[in-house]
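J.: Each protein sequence line maps, in turn, to chains A and B. Numbering-wise, our numbering comes out as the position in the first sequence, counting from 1, plus 8. Numbering-wise, our numbering comes out as the position in the second sequence, counting from 1, plus 409.
You may find that some hints are simply not true.
[Claimed, not checked] Sample of chain A residues facing chain B (criterion: CB under 7 Å; computed from the structure): (1) F31; (2) A33; (3) G74; (4) V75; (5) V78; (6) G264.
[Said to hold, decoys possible] Cut-off 25 Å, straight-line C-alpha distance, at most; resulting in silico cross-link-like pairs (SDA-like, lysine to any residue): (7) B:K640 / A:M188; (8) B:K716 / A:L62; (9) B:K523 / A:L62; (10) B:K657 / A:V79; (11) B:K657 / A:V75; (12) B:K596 / B:P666; (13) B:K614 / A:V75.
[Unchecked claim] Here are some, though not all, of the chain B residues that point toward chain A, as calculated from beta-carbon distances under 8 Å: (14) S516; (15) Q557; (16) K614; (17) A643; (18) Q670; (19) E703; (20) L776; (21) T782; (22) L784; (23) A794.
None of these hints come from the bench; they were simulated from the model. No residue lacks a Cβ here, since even glycine has one placed at the ideal position from N, Cα and C.
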Amino acid sequence: MSSSSPSPFRAPASGLVALRRRFFALFRGRPETTAWTLVGPGLSWMLLFFIGPLLLMLFYSFKQRGVYGVVVDGYTIEHYLRFADPLYLGILWRTLKMALSCTIICLLLGYPVAYVIAAGGRFKNLLLFLVVLPFWTSFLVRTFAMIFLMRDTGLINTTLLSLGLIDEPIAMLYTPFAVMAGLVYGFLPFMVLPIYTSLEKLDPSLLEAAEVLGARPVARFLRVTLPLSMPGVAAGSLLVFIPSLGSYLTPDLLGGAKQMMIGNLVQNQFTSARNWPFGSAASFIVMALVLVAVVGFLRKRDAGPGSVL
Amino acid sequence: MKRTPTENPVTELVQGRLSRRAFVEQALASGLSVGAVSAVLSACGGDTPKQPETPSGPAPSTDAAPAGGEMEKELKIYNWSDYIAEDTVANFEKETGIKVTYDTYESNEELIAKLQAGASGYDLVCPSGYAVQVLLALDLLDKLDPNQLKNRGNLAPSFRKTAFDPSDEHIVPWQWGMTGIAWRKDKLPVPPDSWAIFHNAELAKKMTMMDDMRDVLGAWLKYRGASVNSKVEAELQQAKADAIEARKHIQSFISAPVKAQLVAGDVWVAQLWNGDTAQATAEQPEIAWTIPKEGAIIWSDAMCIPKKAKNKRAAHAFLDFIMRPEVAASIADYTGYGTPNAKALEKMENPVALPTDEQMAKLEFQLDLGEATELWDRIWTEVKAG
């Protein structure tokens, strides 16, 4: 503690300094205390706002439905059994197909983009900037912009009509194509960025070695670049697949709400149907399926040679 | 908004626009007996004024509150977005000195969920008819004090004792509207006089229905002569079949945003509310609106006071304020919907006329479905799953 000044005005400061020293003394020689202090805020946040609501929903999914919403006394597993109905399984199946297609399209479109960006060149920063640019506006606004692009009297159709390339407008909006276009547009950056990160870390000397050893460009890509970028591909695929599985805005706005997805089903249960337990149960079933798929996927990959997500 | 002329010294005193001294002078001058004046003053709780009098201004004075308590200084209103004239709240604040906090929501479910979760912050909310029933069933609404609602007589009789509040004790109707058919006069040779228009393959992809289970199934129930609130399985199965048939021909299920497409001409026939259609007609005069011959849904949103409200006297003051003809007229002029205030209609330039008896016979209020909600939801999911 500072003893240089007897002035009473320094006393509070000295007290604070002392407090600070005592606080840091707690960590001396105790790495676990330091670790907990660093992790603590984030962990509490997750416990409070992620795990907490999740547990609440799990609890709700076993309760009886209240006629006017929320839940009433009594426990049941009927909401989980109800999901076995072909009606709901059909919606789930369609949603899975949609999310999988979206992931594959994003991968096919996103990998070359990530490759070009990672290869460097003059436009690297500009291209990266362009990938991130859409995040500057809200997803809702961008989806509405797609409506203006794709509708019968929208930009695409009026341009093609005025160029004489088509005689009547192509019906794009409110088709499965529009939903897929919206999903791919929305989630493409989530595929590009992780793949770019993996590709950028790739040691060029490995490619040189492959070349020296006689591998042609295609073989170099397939046997060196692609396997080493798999962590990025895996991360990107998960980042695209999971949110597209839960999307409900895009099918509503671009698909004309004619094709119900699992996200729309859950949303309806919490609003117009006032069946919170069934909505919770449906969410948990989807979550469990995703979890099983992801864990299985990662295990299989971890069993493979030298891959870390 | 037009400035309110001095109507009645008692009202003015209650609303805090008139000081006690000025009230006494005016009342005595207008021939009230001294006894009556003192009775009114004591009824106004003013025997021991908490604030010094301000004889010259409309300053808020706590002693100007009606019988039974003091007027609070703040008021929290929770209403649908874009559903009030731009100057309504400001004029109320200026007149009463009550500070208003005004929040908005987008769906009845959002409102119900908040009140169910125990939110106590709101003094006035504006649910639709069927949501009023839910809130009443959950015992979340307080009774209104008729003595504090002097302007209630301005309301049209068809909006009193409605099916969702038969006792007329809990609500002040705010705006009303109908869900019918909007159409482009320049694209269709004849008006669509029936819900059957949505089964017309020739208009494929040029039509939309609303993205709302109650409105879509309700329309098909009406089409077959059933109630929009039907709980009969066979009727609902028929409505489902009709809705699935319509789904083949319509371009999409879409609600309010269809306005832009009607204006652009992408959509020629749309199931839509009359007020939103009026907003679209302002941009494109070829857009018209009609009630199909089989009938349609009429709805009314209503102001209510939640049980947990903290500023109930201020809430009553606001309700009485919005029932003044000129205030109700300015609100309806802004929203494009109908006002339930019969006196306000006379003051409007472009009013939505009250439904005639003939129309009223074809229109039906939406009521809460209770236990049948689950059946409705399943049928709606089947329609949407295709």
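J.: Evaluate each hint against the coordinates.
T.: Structure-based check of all given hints:
About 39 Å separates the beta-carbon of F31 of chain A from the nearest beta-carbon of chain B, more than 7 Å, and the hint is not met. Look at A33 of chain A: its Cβ only gets to about 45 Å from chain B, farther than 7 Å, so that hint breaks. Of the supplied interface hints, the one on G74 of chain A is violated, with its beta-carbon coming no nearer than about 9 Å to a beta-carbon of chain B, more than 7 Å. Nearest Cβ of chain B to the Cβ of V75 of chain A: about 6 Å, under the 7 Å cut. The hint holds.
With a least beta-carbon distance of about 6 Å to chain B, the hint placing V78 of chain A at the interface is held under the 7 Å criterion. Taking 7 Å as the C-beta contact cut-off toward chain B, the hint placing G264 of chain A at the interface holds, the least distance being around 2 Å. Taking the CA atoms of K640 of chain B and M188 of chain A, the gap is near 37 Å; set against the 25 Å cutoff, the hint is violated. With a C-alpha separation of about 31 Å, the suggested pairing of K716 of chain B with L62 of chain A is violated against the 25 Å cut-off.
Of the pairs offered as hints, the one joining K523 of chain B and L62 of chain A holds, with about 19 Å between alpha carbons and a cut-off of 25 Å not exceeded. About 37 Å separates the Cα atoms of K657 of chain B and V79 of chain A, which puts this hinted pair outside 25 Å; it is violated. For a cut-off of 25 Å, the pair hint linking K657 of chain B to V75 of chain A is broken: about 33 Å separates their Cα positions. Restraint check for K596 of chain B and P666 of chain B: the C-alpha separation of about 20 Å stays at or below 25 Å, so the hint holds.
With a C-alpha separation of about 37 Å, the suggested pairing of K614 of chain B with V75 of chain A is violated against the 25 Å cut-off. Proximity of S516 of chain B to chain A holds as hinted, the smallest CB-CB distance being about 7 Å (cut-off 8 Å). A least Cβ separation of about 29 Å between Q557 of chain B and chain A goes past the 8 Å threshold, and the interface hint is therefore violated. Hint status for K614 of chain B: holds, given a least beta-carbon distance of 6 Å to chain A, under 8 Å.
Restraint check, A643 of chain B versus chain A: the minimum CB separation of about 19 Å is more than 8 Å; hint violated. Checking Q670 of chain B against chain A: minimum C-beta separation of about 7 Å stays under 8 Å; hint holds. At about 23 Å, the closest approach between the beta carbon of E703 of chain B and any beta carbon in chain A exceeds 8 Å, and the interface hint on this residue is violated. The restraint placing L776 of chain B at the interface with chain A is violated, with a minimum CB-CB distance near 14 Å, outside the 8 Å limit.
Among the interface hints, the one on T782 of chain B holds; its C-beta lies about 6 Å from the nearest C-beta in chain A, closer than the 8 Å criterion. The beta carbon of L784 of chain B comes no nearer than 10 Å to any beta carbon in chain A, farther than 8 Å, and the hint placing it at the interface is violated. For the restraint placing A794 of chain B at the interface with chain A, the shortest Cβ-Cβ distance is roughly 5 Å, inside the 8 Å limit, so the hint holds.
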